[in-house]
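*Asks:* Here's the letter readout for the chains.
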Amino acid sequence: MKRVLYTGFLVMGVLSVLLIGYNNLPPAADTGTSFGVMSYNVHLYYDAGTGGGNNLELVRDLIRDSGVKVVGLQESEGNRAVSSNQDGVRWLSGQLGMYFYSGPDSRDDVWGVSLLSEFPILEAETVALPSEEALNRVAIVVTLDLGDQLITVINTHLTFQSPSDQLGQVDSIIAITDDLTTPYIVMGDFNTVLAQSEESPRDITEDPSYIALTEAYRDGYVEAGGAADETTSYFFESEGLANARIDYIWLSSEWTVGASSAQVLGDESISDHRAIAIVVSL
Amino acid sequence: MIRREGELEYDELLMILLGGFSIFWYIRMFVHTVAMVFILNFGGGGLNASVLLFFATLSGFLYVAISSLYYPHTDRFYQISIGIAFASLLLTLVSNPVLSLAFAVLFQIAITPLLISTLLILQKRFALAAAVGILSNFAVLGLTNFSSLYATSSTRLLHFFFVIIWYVSTMFVTGRHIIRTYDATEMSSTSALIGFLGIFAIMFGFPNVLAAWNQSSVFIITFVSVVGILASSYLIMDRPDLIRRYQLYILPTYLVSLIGVIFLKIDFLYYAAILLVVLSAFLLLSQATRIKREGSIKMLGIRMGGVQFLVLLLTFFQIATPFWTGMPAPLQPLLVETTRLYTLIIGLILPSSGMIAYKWRDEI
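Protein sequences appear in the order of chains P and H. The numbering of the first sequence is this note's numbering, which starts it at 17 and goes up by one. The numbering of the second sequence is this note's numbering, which starts it at -4 and goes up by one.
Isolated chain P (complex conformation):
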């Protein structure tokens, strides 16, 4: 009987290691300098509100159907019991055949930002952003190899609780891109609705973070034909604020933006945000 149990243990152990190893084989590398980019807050893999529905399959379908090759995800840390201990980024990576990077360590109490890419990831790091009054915030800085060109993609999720923290976080990101020598894309959930809470109603163009960002970068979504006041988040309605565009894809000067390529995808049945996507080329 012992032999049976030992054999069973071995089979299960080897099977687990092999399955997990197989699932984590690197995908095929893509090349090219014209591609779709998406930013999407996936709400810790739950649909909006209290539906409790797991949105992994819907997020996968949305990304696959959009045809984009680079995706920045926010609220993507699923490796906690509150998100059923599921590694959503790893699963999406396997399903979509994309490379991935996630940050930071889950022990750092951040909701997680990640990047999925059909282009190989050469380098990646997580940078802590200043956060004096509220939750920890980070940006991930990822270098992608497009074949004969390197680019840098930054993905972040800024605070929605402290205007001063948010502006400090924007300044930190601008400082990072000031040092870059490659073309870059900065995307994420910037929570620029904060200005409304100071003097409501207030136009987004008066928001200090928005002003700093537009002075430093090009607004890829608007250049691609997207509406500047497009609603991309459903969250703030419940906070008594007007829902607004808080998700952005900012570009450095080298990029050409596909005319009318802007897309806003998904609804509350998937997440409390909608995805935004554009096509860019070098």
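Take the hints with a grain of salt, since some may be wrong.
A few chain H residues that face chain P, going by a derived Cβ cut-off under 10 Å, partial list only [as the list claims (entries may be wrong)]:
#1 L3
#2 L12
#3 I34
#4 L144
#5 S148
#6 H172
#7 T248
Cβ pair distances, simulated, as ranges [said to hold, decoys possible]:
#8 P:V27 x H:F156: 15 to 23 Å
#9 H:Q242 x P:V30: 39 to 47 Å
#10 H:I297 x P:G37: 33 to 41 Å
#11 P:G37 x H:M166: 34 to 42 Å
#12 P:A228 x H:L326: 29 to 37 Å
#13 H:I297 x P:L281: 25 to 33 Å
#14 H:L326 x P:G37: 38 to 46 Å
Computed far set for chain H versus chain P, every beta-carbon distance over 10 Å [what the hints assert, rightly or not]:
#15 F201
#16 I254
#17 L308
#18 F318
#19 P325
Since the hints were derived computationally from the structure, they do not count as laboratory data. Ideal Cβ positions, reconstructed from N, Cα and C, are used throughout, including at glycine.
Following the hints, complete the assembly by docking chain H onto the known chain P.
*Replies:* Chain H only, in chain P's frame:
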């Protein structure tokens, strides 16, 4: 069942498998409960009555202790509990999150008598059942590539088939009349099981959780965890002499390596620490569950209720820390950057339950 030192009877093997698969489901339902309570109460809708179901999690241990005083746990009792557990597992697949949560909690309560009986029969070899449970979880994580069993249509189908297989095999084993009734006062050693379930549900039973904790390789973590499980199983089954000889080192090894996992950032040491935590955790469980102690039902109730309350409270704090700004104001100071601390304390429940059982033992 007559057990001779070093041998493994057929019925004992069946009990190990039965206990193992039950532990697998218990851990899965515990995590599902935490996830559903979180999304229903902190996912945008505000606190509501469903939060009360969180306090029923793990409460099966207490109910079983009390109910066994009034209702003898006959074969019929087990068949009914297993039937309820089976139905509950299937019904967690309903789309309504409150119902899914309620059935996950009901499963945990209904399966507890079987878990306790398995533990009291297997005693120190119950750790082998725990090994089956954790290895099953690894295999399922491999099959689903670390998604939840509720995530996709195919994983939900997998869930359905696993439940059917579990039920049929469980009824087969219980049909052999090897499950025995017990006196509630024997249950003192089960408190270590609650500690084991707590730390393995939130961390060591999920290699992806450990990988995300330190941005490390999930493949290597799975490998070292499997090595730790196999090594502890070998020691428990075939080298109890070694365990006895080095008994005093097991607890310090567990504590030091647990601290290492929680705080270390160097990959090589992190992997080594995981291996040692897993190895020593199973040995600690084995040490704690081999101890039989007869005591008063009052003390038992206090202990079981106390351990349940501790695990729930600490689990709540551990999961709430990344969301502290959304928690009630009086709790916020307790939740700022304290994930590591609460994870460590949850990890300490396993050895402390074992130590209490050891201190108050009647026989070893």
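*Asks:* Are there hints from earlier that the structure breaks, and if so, what are their numbers?
*Replies:* 6, 7, 9, 10, 13, 15, 18
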